[in-house]
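Q: Chains as they are written, first to last, in the numbering used here: chain A, 1 to 339; chain B, 340 to 678; chain C, 679 to 1011; chain D, 1012 to 1344.
These are computed hints drawn from the structure, not numbers from a lab. Accuracy of the hints is not assured; some may be wrong.
Unchecked claim - Where chain A lies over chain C, by a calculated footprint (3+ residues, C-beta under 8 angstroms):
#1 916-930
#2 946-959
#3 992-1001
To be verified - DSS-like cross-link-like pairs, simulated, lysine-lysine; straight-line CA separation at most 30 angstroms:
#4 K1266/D to K657/B
#5 K657/B to K1324/D
#6 K863/C to K1336/D
#7 K657/B to K1336/D
#8 K933/C to K191/A
#9 K189/A to K933/C
#10 K318/A to K991/C
#11 K1336/D to K1275/D
#12 K1152/D to K877/C
#13 K544/B to K1003/C
#14 K1266/D to K863/C
#15 K1185/D to K877/C
#16 K1196/D to K852/C
#17 K318/A to K852/C
Note that beta-carbon positions come from the ideal geometry of N, C-alpha and C, so glycine has one too.
Chain residues, written in single-letter form:
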Amino acid sequence: MNAPAKQLDADTREISYSEAIREAMGLALERDERVVLMGEDIGVYGGAFQVTGDLVERFGTDRVMDTPISELGGAGVAVGAALTGLRPIFEFQFSDFAALAMEQIVNQAAKMRYMLGGEASVPVVFRMPAGSGTGAAAQHSQSFEAWFGHVPGLKVVQPSTPEDAKGLLLAALEDPDPVVMFEHKLLYKMKGHVPEGWYTTPIGKAAIRRDGKDVTIVASAIMVHRALAAAEKLAEEGIEAEVIDLRSVRPIDRDTIIGSVRKTGKLLCVYEGVRTLGVGAEISAMIAESEAFDYLDAPIQRLGGAEAPIPYNPDLEKAAVPQTPDIEVAARRLARREV
Amino acid sequence: MNAPAKQLDADTREISYSEAIREAMGLALERDERVVLMGEDIGVYGGAFQVTGDLVERFGTDRVMDTPISELGGAGVAVGAALTGLRPIFEFQFSDFAALAMEQIVNQAAKMRYMLGGEASVPVVFRMPAGSGTGAAAQHSQSFEAWFGHVPGLKVVQPSTPEDAKGLLLAALEDPDPVVMFEHKLLYKMKGHVPEGWYTTPIGKAAIRRDGKDVTIVASAIMVHRALAAAEKLAEEGIEAEVIDLRSVRPIDRDTIIGSVRKTGKLLCVYEGVRTLGVGAEISAMIAESEAFDYLDAPIQRLGGAEAPIPYNPDLEKAAVPQTPDIEVAARRLARREV
Amino acid sequence: MTDDNRPFAIRNYDPARLRDALRKMYLIRFFEEGAEDSYMRGLIHGTMHLSIGQEASAVASCMGLTDEDKITSTHRGHGHCIAKGAEVRRMFAEFFGKEEGYCHGRGGSMHIADVTRGNLGANGIVGGGLPIAVGAGLTAKRLNTGAVAICFFGDGANNEGAFHEALNMAAIWKLPVVFICENNKYGMSTSTERSTAVKNIAERAVAYAMPGHTVDGNDFSAVAETVEAAIARARAGEGPSLIENLTYRWRGHSKSDRNRYRTKQEIDEWMARDPIQRFRAELIEHGVLDESEAEKVIAEARQEVEAGIEFAKSGTAPRISDLAKYVYAEENA
Amino acid sequence: MTDDNRPFAIRNYDPARLRDALRKMYLIRFFEEGAEDSYMRGLIHGTMHLSIGQEASAVASCMGLTDEDKITSTHRGHGHCIAKGAEVRRMFAEFFGKEEGYCHGRGGSMHIADVTRGNLGANGIVGGGLPIAVGAGLTAKRLNTGAVAICFFGDGANNEGAFHEALNMAAIWKLPVVFICENNKYGMSTSTERSTAVKNIAERAVAYAMPGHTVDGNDFSAVAETVEAAIARARAGEGPSLIENLTYRWRGHSKSDRNRYRTKQEIDEWMARDPIQRFRAELIEHGVLDESEAEKVIAEARQEVEAGIEFAKSGTAPRISDLAKYVYAEENA
Ligand SMILES: Cc1ncc(C[n+]2csc(CCOP(=O)(O)OP(=O)(O)O)c2C)c(N)n1
Ligand SMILES: Cc1ncc(C[n+]2csc(CCOP(=O)(O)OP(=O)(O)O)c2C)c(N)n1
Ligand SMILES: [Mg+2]
Ligand SMILES: [Mg+2]
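Excised from the complex, chain A in its bound form (with noise of 0.2 angstroms):
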């Protein structure tokens, strides 16, 4: 993957999740004219989530473009557009509503480089707030990054701090390829040291986000932070958690996570999409097969999001998707070969 390396020079601020993928936008079309912005209520409203903000304001509307209420249309345009020479960055209002636009992302985007045998680039992002906890119910609800993680051609990307968020966004936008890029709702709000000016965080690379040596646990998105609390409440019966953050869904980092279970022996895959094929389905099936399987001393175990739609009663949707008692009960018990 060809994602420039970091800077690391740059001077940081604690700015909020939502706020670094806005300045990552307003970098972006500052720099480049041909990027623009598009998407359902994204100018003068400032996005559902207020992710775009001011944008419009500071760019206008030639360049922050509010579209009709047109998902396949509209991610279609944004495919057109990027194949000849813009550089949209396509927001989906819930990624929900992606469901309408599966065509124009995986028939098209996502194959078009190859069914033109390389004479074609779609630089194209497509940007999705995602998950559970807001008590939209079972439409607004919803994690699909294991359908296009599930589709060659495409990069995925899950961001799971505001730093990651601006450096992933950049990388994406500097990609020649489509990105999905998977923004978790209850993230937007965080906030965490970001570096100014302009930098990209590598895709296909997963952080470690704490050392551990007696048992892995690979999270993505929120289930990051929930992990990291789980570990914490474990560190204090000694039991040392490795918290991987997946980072990338498309592709997974293999040698990271293979590195980890080497040292603990012990893997906890955990996420919030349908635990079903979902993408701890692919981490788990990747490290069984791999050469770390030697080292496995006790089953692989999942956490995922309950094999039913996020309900709507509150208790019922926090019931419906991993939470940090939960990790630390499954993390515990794998650590003493309890499963």
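Fit chains B, C and D with the ligands to the supplied structure of chain A, relying on the hints for placement.
A: Coordinates of chains B, C and D with the ligands only, in the frame set by chain A:
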């Protein structure tokens, strides 16, 4: 799962996979006036793959309805009809075009019962001609079963024989919930013994197609036949492969697979969909976290589709999905613990 | 009756039905105010989309329907639900996430439904209900039930591909569907002038060779008359119609709206055209009821809403162990 | 020139261009006959959709385009590809699955493209090219390139939601796009009477407040005149148009068609309206060329097709180890 038992006393004849599906639809149209078939060119044309054939002549255009080329709307009409009392069977001309209808299948049909707290039922069947091998290139050759397998509220079946094609379609029709049936295009002309009359094949049960003690091969759709051919070759060398026909992607028949792995200690998953996040990922993960883990004496192996769109060139196309020799090689290496 | 100059509703409905229509309009208003208030107090979570200001469109459109007829509704669907005969207490219970709710607490505002009364449900997907309504029309036609389906959708939804596909199919198959676009000028923040190539959504009926009508959606009689005619047409086997009710939502799009896309003046102008006041005045003018009877209707509606909130508060929380109940029929029990 | 009664093409294009247009029409015809023949001989696999009978629509529509202008094409896209300037030998090489093909053997008939000449590609998804063309129009407008995009699609595609969404967006943003519906009466087996609520697809232009024109798609001049005007309009910043070229495919839908939905009589009638013969006669009538010159054009075209097949036969098969090449830019090399 609530599927009635199979009737074994029926007479059987040799008919093709597509004839078996047509027979099932004909029986359903005869027996239940609520059954309607919908799809593009399923009437006078007989369907792109001649599956509906002469049904329009027998049942008329009110029961066998040509839809406009409107996959999203067409699927949605089927959902609305199912919700209000019909029993529609909706044919996508190619499963690739279901990418246009994910919203109705996944956001509506799959979730309706749940979102409405059990007060609604959407007994619709979506038929999906899928798979590569016809020279139709990237947009007409995909295997999306993993996408649907990831969606609670759906059931997903994938018959590999004429008998199951008929039995699973009738089971799908009797099911009060939405069922997605993947039909492999290369199987349509395959002949096999098919019982007469109405019978159902239970949804959610795998079938052991060949007994063996050395290695378990779980395969789906056309891969079942390739796996059986590979197993014959291996038998010549004294390697006895057990071949399991997955049949149902959601739910997956955990018990049958675990039972076999306990016996053989080795598991190879063979599927046509893209390897990453394909059906084999789930099977592998399911076994790796199950009690069968302790019986594994080699890493679980997967053979899936290449990480590329399906190419047009026929030799590349063949290379893009597992073929009999690939299965043979992989199973042999696994049986000999060379992995 | 042809030279009777009184409004359509007065001419066509008996006083009891007119009174009930007024009651339903108040019920919608008070229900939504009650829901809003409960939300502010933290009793309801998530989000909701209020239809305050659009009550005539919902109630008048449903005047010609029986429980056998179906409607599909939208994210802004409380009004449709009440118009189609739902009990507000079970709606509140739903909003409070309780088992007594219409969806047993699994759906909330965006999926409120009452299938037994023919309301197939609100929908979180803009345009999601359009093909579903066509499917309901198909069932009616195939099984000869004589039912019609009314499909509510917003001006924003008219730019979804589903709109095009649904209207075309309803037209070619002559299905008994009435498409009702509640044009409140905005899809979220985006005005129809910015989103839609035509001025009036009803102009698009031409593309489906069906009748198209633009009506004052705050005029109960105008809506009832136009929709009743379309229903009659549908029941007679003559196919679908597209009706556009021009109306306005007084509140923001949802709970997160900072209202930066409309002027106070515009909002005030529309608030002055309150459809409930107007209908009430009409009823009084034509002697259907008097001030004190109107006050009684109001009091009844208020009381029903208050009782509904109490009912919801004391409802049963779903058991966590029932998380996967209702995913499949097997798990319904 | 206003009282010049000669057909538009004769008036507006010099003889060299007219001759080239005729050459391209023959080239399409012979290319497709050659491809069909190669398919029958087992040299080409998969399926293909022949546009024989529709050549005027492809060539006349592209008369006003430069290499900077874009087109999006369809599954029935060989004609568009040749009209936009592609070499038939590289097209054959593609159909034969060879590295010398436009897509290096990865795409085949359904993805034939020539991006350097502005052909963004055929498309296996009906309606798939519609929003993509709008995207090309957006690029032209944003980067002020002066280019236009022509979007070819079939009558069947007009019922896809993508049609609706694409035309609406092109209209509201006044993008330089010309939508050309090649109405050959059928989408596969389904006639427009059975699939489409309006008689002529161009009637749907009203729903997007854009001009709509239905023209005889087998009349080169009529098509060229209408499309040139739409292109001029688009270049002038006045926005998109919808043009419907009425035409007919002589062959079945694809290789699997048993032709049970059309009568022999209908096919014969349309074969009598051969657009190539008609254009050729027009050129001769107006003295642009004579019979022997026309025969020379034919001979040239035939020769090019034969040479193309030979070129394709001797092309290079892709290496199996290159299976994943071209999935990502990193693997392009
Ligand atoms: C497919 C889809 N796209 C976007 C949204 C987000 N969204 C919810 S309501 C809404 C505006 C809808 O406008 P309109 O149809 O006019 O209905 P109104 O809210 O005005 O009643 C939007 C964009 C959604 N729920 N579904
Ligand atoms: C989304 C989608 N649906 C269905 C098909 C199958 N299909 C290919 S061509 C075709 C008919 C298209 O008709 P039309 O647009 O009129 O083009 P024509 O073939 O007549 O040139 C169909 C149904 C497809 N390729 N894509
Ligand atoms: Mg609106
Ligand atoms: Mg056609």
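Q: Run every hint past the structure and note whether it holds.
A: Hint check:
1. 916-930: Contact hint for the stretch 916-930 of chain C vs chain A: violated, 0 residues under 8 angstroms.
2. 946-959: violated (count 0)
3. 992-1001: holds (count 5)
4. K1266/D to K657/B: At roughly 21 angstroms apart (the allowed maximum being 30 angstroms), K657/B and K1266/D satisfy the hint.
5. K657/B to K1324/D: Cα-Cα ~21 angstroms, so holds.
6. K863/C to K1336/D: violated (50 angstroms)
7. K657/B to K1336/D: At roughly 16 angstroms apart (the allowed maximum being 30 angstroms), K1336/D and K657/B satisfy the hint.
8. K933/C to K191/A: Judged against 30 angstroms, a Cα distance of about 23 angstroms means the pair holds.
9. K189/A to K933/C: holds (17 angstroms)
10. K318/A to K991/C: holds (21 angstroms)
11. K1336/D to K1275/D: violated (47 angstroms)
12. K1152/D to K877/C: Cα-Cα ~24 angstroms, so holds.
13. K544/B to K1003/C: holds (22 angstroms)
14. K1266/D to K863/C: Roughly 49 angstroms separates the two Cα atoms, so the pair is violated.
15. K1185/D to K877/C: At roughly 15 angstroms apart (the allowed maximum being 30 angstroms), K877/C and K1185/D satisfy the hint.
16. K1196/D to K852/C: holds (21 angstroms)
17. K318/A to K852/C: The hint is violated at about 46 angstroms.
Comparing the model with each earlier hint shows violations of hints 1, 2, 6, 11, 14 and 17; every other hint is respected.
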